[in-house]
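K.L.:
Here are the chains, one letter per residue:
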Amino acid sequence: MRSQLHRRVFVPLAAVGAIAMALAACSGGGTTSPSGSASQNLKGTTLNVAADWSGAEQANFEKVLAQFSTETGAKVNYTSYGSNVATTLNTKIAGGDPPDVAVIPQPGLLQSLAKAGSLIPVSAATEAAVMKNFSPDWVTLGSVDNKLYGVWFKGSNKSTVWYNTAVYTNAGATVPKTWDDFLAQLKKVSDSGVPGLSIGADVGWPLTDWFENVYIRSAGAEKYDQLTQHKIPWTDPSVIDALTTLSKLWGDSTLIESGGAQRTFGDSVTEVFGTPPKAGTVYEGDFVAGNITSQTKSKIGTDAKFYDFPSVNGSGPAVVGGGNAAIQLKDNKGAAALMTYLASPEAATIWVKLGGFTSPNKAVDMSAYPDPTSRQIAQALVGAKTFRFDMSDQAPSAFGGTPGSGEWKILLDFYNNPSDIQGTAQALEAAAAADYK
Amino acid sequence: MSASGLAGQAQAGRESVGVLRRRNSRPPLSGGRRTLVTALIFLAPALFLLGVLIGYPVVYSLWRSLFDASGNVFVGAGNYLTMFTDPATFLSIRNNVIWVIVAPITCTILGLIFAVLMNRIKWATAFKLIVFMPMAISMVASGVIFRTLFQENPDLGAVNASLVSIHGWFSGGAAYPGARPRENLDITLQKDGSILTDSAVRAGSEQDFPLVGILGTTLPDNAKTAVAAKSAAGGEITGTVWLDFVTGGGGAPGQLGDHKKGLPGVTVDAVDSSGAVVASGTTADDGSYAIGGLKSGSYKIGLPASNFTQGYAGVSWLGPTLVTAVIILAYIWIWAGFAMVMIASGLSAMDISLQEAARVDGASEWQVFRRITAPLLSPVLIVVFITLIINVLKIFDLVYVIPPGSSLPAASVIAVQLWTVSFGGGNDQGLGSALAILLLVLVLPFMIINVRRFRMDRER
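Sequence lines, in order, name chains D and H.
Position in the first sequence counted from 1, then plus 122, gives you the numbering used here.
Position in the second sequence counted from 1, then plus 142, gives you the numbering used here.
Covered stretches of chain H (chain D as the covering partner; in silico rule of three or more C-beta atoms under 8 Å from a C-beta of chain D):
(1) 351-357
(2) 457-470
(3) 545-556
Which residues of chain H face chain D? A few of them, derived with a C-beta cut under 7 Å, are:
(4) E294
(5) F387
(6) G391
(7) G392
Since the hints were derived computationally from the structure, they do not count as laboratory data.
Each residue gets a CB set at the ideal place from its N, CA and C atoms; glycine is no exception.
Model the full structure from these sequences, guided by the hints.
P.N.:
Have a look at this one:
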C-alpha cells in the first residue's frame with residue numbers, strides 16, 4: 123500500500139533516539155511456540171524477526187512464522203518496526219542488538235547495510251532456493267557485489283491500469299496492448315461522453331509512477347538503472363523520448379478529465395469507480411484495489427478490472443513495483459534456516475491464501491490466490507521479463523520524495539504544461555544534480 | 143515548581159550563605175551581592191528551563207545552519223546563500239511578506255469594527271460568541287473546512303457550487319456541453335469552442351455534422367433517430383447534426399444509421415468569406431437543418447460555441463494564483479475574533495466619561511471615535527497588531543493543510559519551507575536551520591517592540 127503519507131519521509135533528528143528507546147522497551151510482539159510433528163531440529167532456539175508490517179499484515183506474517191516454528195521447533199518472536207524501518211534497524215545494529223532476520227522495504231537500505239558489513243550472505247541452501255524460485259531481476263535486487271543477501275518475500279506491481287468495465291462496455295472499448303492502442307481506446311471512451319482517463323496528480327507522486335512505467339518501456343531496463351543512479355543526465359534523449367510519449371497523452375484534453383492537477387489520488391479513483399462514473403480509467407499500482415473497495419461500491423473483478431501498462435514501441439512485459447526483502451543479520455543456524463524457509467513457495471503460499479499479498483516467488487502455485495484479480499496481478503509480476511524497483515523511491519528523498527520540490531514538483535509543472543518537454547528535462551536535471559550528492 | 147518549594151530553596155540558599163560566611167570569617171556580603179545571589183537562586187529554575195528549551199535550540203540551530211545536509215561538512219554562509227537564491231525559498235519569503243502586510247492589519251481593523259459596534263447592539267454576547275468561536279477550532283480543522291469550502295469541483299466545494307448556481311439563474315447552460323466533431327471529416331473544433339467546416343460549402347449542397355463526446359443519456363427527450371436531410375434547393379444548404387456514437391461501440395463512424403440520434407435545437411450558421419454570419423438555421427428533432435435564402439457562392443458552415451460551452455465552472459480558488467488569498471481569509475476568520483475580544487476588553491476598561499463629555503460638547507459620533515476612542519485604544523491596538531504580526535510570521539498549519547499538492551509551492555511560507563526542507567523529504571537540516579534563524583531574525587524586532595511597550599506601560 124502506497125499512499126501520500128507513506129511517501130513523505132520524515133526523520134526528526136531529536137526524536138530518533140526516543141523512538142528507538144520506546145521500541146526497544148516494547149519489543150517482542152507476537153510469540154509463536156513450537157508444537158507439531160516435523161523434524162524439530164531447532165528445538166530450543168529463539169529467533170527475533172522484525173519487519174514494518176503491523177495490524178492485519180502482522181497477523182498474516184505471524185501465521186507464516188508459526189508454520190516455521192511447527193516445522194523446526196524454533197521459537198520466533200516478531201517485532202513491528204513501523205514505517206521507520208531504516209532508522210530503527212540502524213539504531214539496533216549500532217546498539218549491538220539486531221534481530222536475527224529483518225524484512226525491509228528498500229533495496230537502498232539492503233545495499234548500505236551489506237556494504238557496512240551488517241548483513242550475513244545467505245547460506246548455500248537459501249541461494250539455491252532463490253535461484254530456483256525467483257527471476258534474475260529479483261536476484262540482482264537482493265545482491266551486492268555478486269553476493270546474495272536478500273530474499274524478496276513480498277512484491278508489489280505498479281504497472282496496472284484500472285478501468286470501469288461498464289464504461290468500457292458502453293463505449294465499445296477493449297483492453298489495449300500498446301501505447302497507441304491505449305490512446306485509441308481512451309478516445310473511444312471519451313467519444314462515448316465520459317472522459318477516458320482520470321489523473322489525480324496529488325502532490326506529484328502518481329506522475330513519477332507514470333514516467334517510470336513509460337521510461338522502462340521506451341528506454342529499457344539498462345537505461346532505467348543508469349537514470350536511477352543518475353549516471354545519465356535527465357536531459358538524455360531517452361528521457362526526452364519518454365516525456366514526448368507522455369505529453370501525447372497528458373496534452374490531449376479530449377482524453378483526460380479536466381482538473382487533474384488539483385485532484386488527490388484517492389479522488390481520481392472515486393471519479394472512475396463512483397456512481398455515476400466521471401471517467402473510464404485510472405492508472406496506479408495494485409493498491410488501487412484497496413482504494414476501490416474502501417471508497418466506492420464497485421466490485422473488484424466485475425465492475426473494476428485492470429490491464430497491464432501498455433507496451434511502448436514494442437517493449438516486452440515490464441513491471442515497475444516494490445517489495446519487501448528478508449535479510450539475515452546474525453550468523454546462526456536458526457536464522458539461516460528461516461531465510462531458506464522464506465525463499466520457499468510453501469512460506470509464501472500461506473500468506474497468498476490469506477489475501478492482500480503478492481509473491482515474487484514464481485514457484486508459488488497461481489491457484490493459491492484467492493481471487494482472479496490478485497492472481498492476474500501476481501501473474502504480471504512473476505511473468506514480467508523485466509522487473510525494476512520504483513525509481514523515485516530509490517532516489518534521494520529530496521529529489522524523489524518531497525512535496526513541492528524535485529521530481530514531484532517538476533512533473534506537476536509538466537502535467538500543467540505538457541508541451542514544455544525540453545524545459546522539463548532541464549529542470550529535472552538541475553534538481554537531480556543538486557540532490558544526488 | 144510550587145511556591146513553597148521556591149521559598150524552601152531560597153531558605154536553603156540563605157543558610158548556605160550564612161555557613162560560608164561563618165566558616166571563612168570573610169567580611170559580610172554587601173547587601174547588593176546578597177540580593178544578586180538571592181535573585182539568581184530564585185531565577186535558576188526558570189533560567190535552566192529557558193536554557194534547555196530555548197537557549198540551547200537557538201544556539202544549536204545557528205551552529206547547525208553552518209553545516210551541509212549531512213552535518214559533517216562546514217559550509218559557512220552557504221545555506222544562507224542558497225536560501226535567497228533558491229526560487230522556492232525566495233517565493234516563500236515573498237509570501238510571508240504578503241501575509242505580514244495583509245493579515246494583521248485586516249484582523250485588527252475587523253476586530254476594532256466588531257468591538258465598537260458591539261457596544262451598540264443587543265445580543266452582543268451572542269454576536270461575540272459567533273465571531274470568537276473559530277478561535278476554539280484547531281487550525282488544522284479550520285484548514286480542512288476551508289479546503290473543502292473552496293474545492294474547484296462545484297460538486298464538492300460549497301463556494302463554487304453557489305457561484306455556479308447563481309450564474310445558472312442568469313444564463314441557461316448550453317444544450318450539449320463538451321460535444322466535439324468526429325475527427326478527419328473536414329470539421330474542426332475551434333479554439334473559441336465553436337465547430338466549423340475546414341473548407342467552404344457551395345450553396346445548394348449538404349453538410350453533415352457527426353458529433354461525439356456527449357452521453358447518450360443526457361440528450362433531450364424529443365431527440366429522434368437522425369435521418370439524412372432532404373437534398374438542398376438552389377439557395378439552400380441542408381444537413382444533419384447527430385450524435386455519432388452507438389452504445390457498445392460499433393456502427394460506422396461518420397455515417398448515419400444504427401439508430402444514432404439527431405441533436406435537436408442546435409444553431410447552425412452560414413459564414414461568408416469575411417467571417418460574418420449571413421444566415422442561420424436550427425436543427426429539428428431528427429437533427430436535420432436547412433439554411434435558406436443564400437446567394438449562390440460558398441460558405442463555411444459552423445455550429446456556434448453557444449451550443450457547446452461547458453458552462454460556468456466556478457473559480458479555481460485553490461489554484462496557484464488565489465490560494466494564498468484563500469488561506470489568508472481562513473486566518474482572518476479565525477483571528478478576527480481574537481482581535482475583537484482584546485479590543486473589546488480595552489474598550490470596557492476605558493473611562494467613558496471622556497466620550498460623554500465630548501458628546502455633551504457637541505461632537506459627532508465619528509469625531510468621538512476619531513479623537514477620543516481611537517487614541518485611548520491605541521496601546522491595545524498596537525499590542526494586538528504586533529501579536530498578530532509575530533503570529534503571522536510563524537504561520538504553518540493553515541498553509542500546510544489548505545492548498546492541494548499542485549499549489550503548495552505557490553502558497554508556501556517560511557515555516558512550511560523550513561519543515562519541508564528539514565523533515566518533509568528534503569532531509570537538509572542545515573538549510574532548515576538557516577531558515578529557522580531567518581524566521582527568528584524576522585520575529586525579533588517585533589518581540590523587542592512588544593517588550594519595550596510592556597515596560598513603558600509599567601513605567602507610566
